[in-house]
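Engineer: Given next are the chains, with one letter for each unit.
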Amino acid sequence: MSVDERKLDGNAIGGLLREIFTMEMTAAETTCAGCGAINALGRVDVYMDAPGAVVRCPSCESVLMRIVHGRGRYWVDLTGTRCLEFAES
Amino acid sequence: MRRLPGRRILRDTQRLMGFISRGFKGKRRDTASSSRVPPGQYVVNDFPVLSAGPTPRVNLDQWTFSIEGEIDEPKRWTWKELAALPSETVIKDIHCVTKWSKLDTSWKGVSVDVLLQGVETAAEFTTIFSDGGYTTNVPLDDITGNKAWVVYEFDGQPLHPEHGGPVRFLVPHLYFWKSAKWVRGIRLQKEEHPGFWESNGYNMYGDPWREQRYWGD
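For the record, the sequence lines run as chains A and B.
The first sequence begins at 1 in the numbering used here and counts up one residue at a time.
The second sequence begins at 90 in the numbering used here and counts up one residue at a time.
List time: in silico EDC-like cross-link candidates among lysine to aspartate or glutamate, alpha-carbon distance up to 20 Å:
#: 1; chain 1: B; residue 1: Lys188; chain 2: A; residue 2: Asp49
#: 2; chain 1: B; residue 1: Lys169; chain 2: B; residue 2: Asp150
#: 3; chain 1: B; residue 1: Lys191; chain 2: A; residue 2: Asp49
#: 4; chain 1: B; residue 1: Lys164; chain 2: B; residue 2: Asp220
#: 5; chain 1: B; residue 1: Lys188; chain 2: B; residue 2: Glu300
#: 6; chain 1: A; residue 1: Lys7; chain 2: B; residue 2: Glu251
#: 7; chain 1: B; residue 1: Lys188; chain 2: B; residue 2: Asp135
#: 8; chain 1: B; residue 1: Lys197; chain 2: B; residue 2: Asp231
#: 9; chain 1: B; residue 1: Lys197; chain 2: B; residue 2: Glu177
#: 10; chain 1: A; residue 1: Lys7; chain 2: B; residue 2: Asp220
#: 11; chain 1: B; residue 1: Lys191; chain 2: B; residue 2: Glu251
#: 12; chain 1: B; residue 1: Lys279; chain 2: B; residue 2: Glu162
Source of the hints: derived by calculation from the structure; they are not laboratory data.
Please model the entire structure based on the sequences and the hints provided.
Structural biologist: If you want it as C-alpha cells, here you go:
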C-alpha cells in the first residue's frame, strides 16, 4: 500500500486529541494558516507513519499540526493552524 | 586557496574517494551481533516506509541539488550533473527513531565530501532541505569525512519514490529521520536551526547509540 493510500482522515487521531485536550475534538474546526481553508478535524489528512502524527490541510497540503508523544510528554505544534474553534464540553 | 579567519576549506576528498564501507555483510541477519543494534532497537528485514506527507512527484528534467547559505558562490547540480559525479556504493546499518533497525543496506550515490570539495565556509551547522518542505539539521562535521551521501540507488535499483527517490540524503550514524527523503540541497549555517521534527520534540542531534530520541535525551 502506498503512502498516499495509507493517508488517513482526522478520525485516526481522535483518541490522541482526546488525550491532549481531554474532550472530543474531531468536530473542532481548524483554519489553515496557509490557505485559510476551514475544516473539521475529522476531515483533515493525517499521516501516522512518521515519527509523530502529521496533520495536513486537505485543501493545500500544508502542515496544520505536528504531534509527538514520547518519554511521557506531548509536543504539539499548531503553527499551521491559524485558529482552532470548538464548543464547550 | 586562502584560508580566511573563521572559515574552513573542505578538501582531502581524494583520500576519501573510493572507500567502501562493507559493514558485516557475511553475517546472518538473524544472528546479528547486538553490538550492531543500538539500545531500544529491533532488526527488521523489510524496509518500512515512514512519511510525513504525500510523496512528491519529481520531474528530473527540472530537478537540481544546491549548496547555499554560508558560501560565497552557491553550488548547483542538475540531475545529469549529479549523476556524472564520482559515486560509490556503501553498505550501512540504518536506525529509525520508531525503533526499527535494518542492517547491511546498500546505497549508491555521491559523498557529501565530493559536493563540498573546495568550499570555503564559516558554517558549523547545516539544514538539509527537501521537496515538500521537510528539513532536518545536522552539524557540518557529521556530514563530512565520509559520513554522509546523496544517494539515488538502493540495492542496485533506482531509489523508489516512497523511500525518497529520486534522491535522498544518507547520514546513517544518526537516526534515520536525518536522512531526508526527496532531498534538494544543503544550507550551510553558522547557527543551528531546528528542522521539521527537531523543532517539535525530537532531539537536535539524534545519536541512536545514546538513544537521543527526544528533547532532553
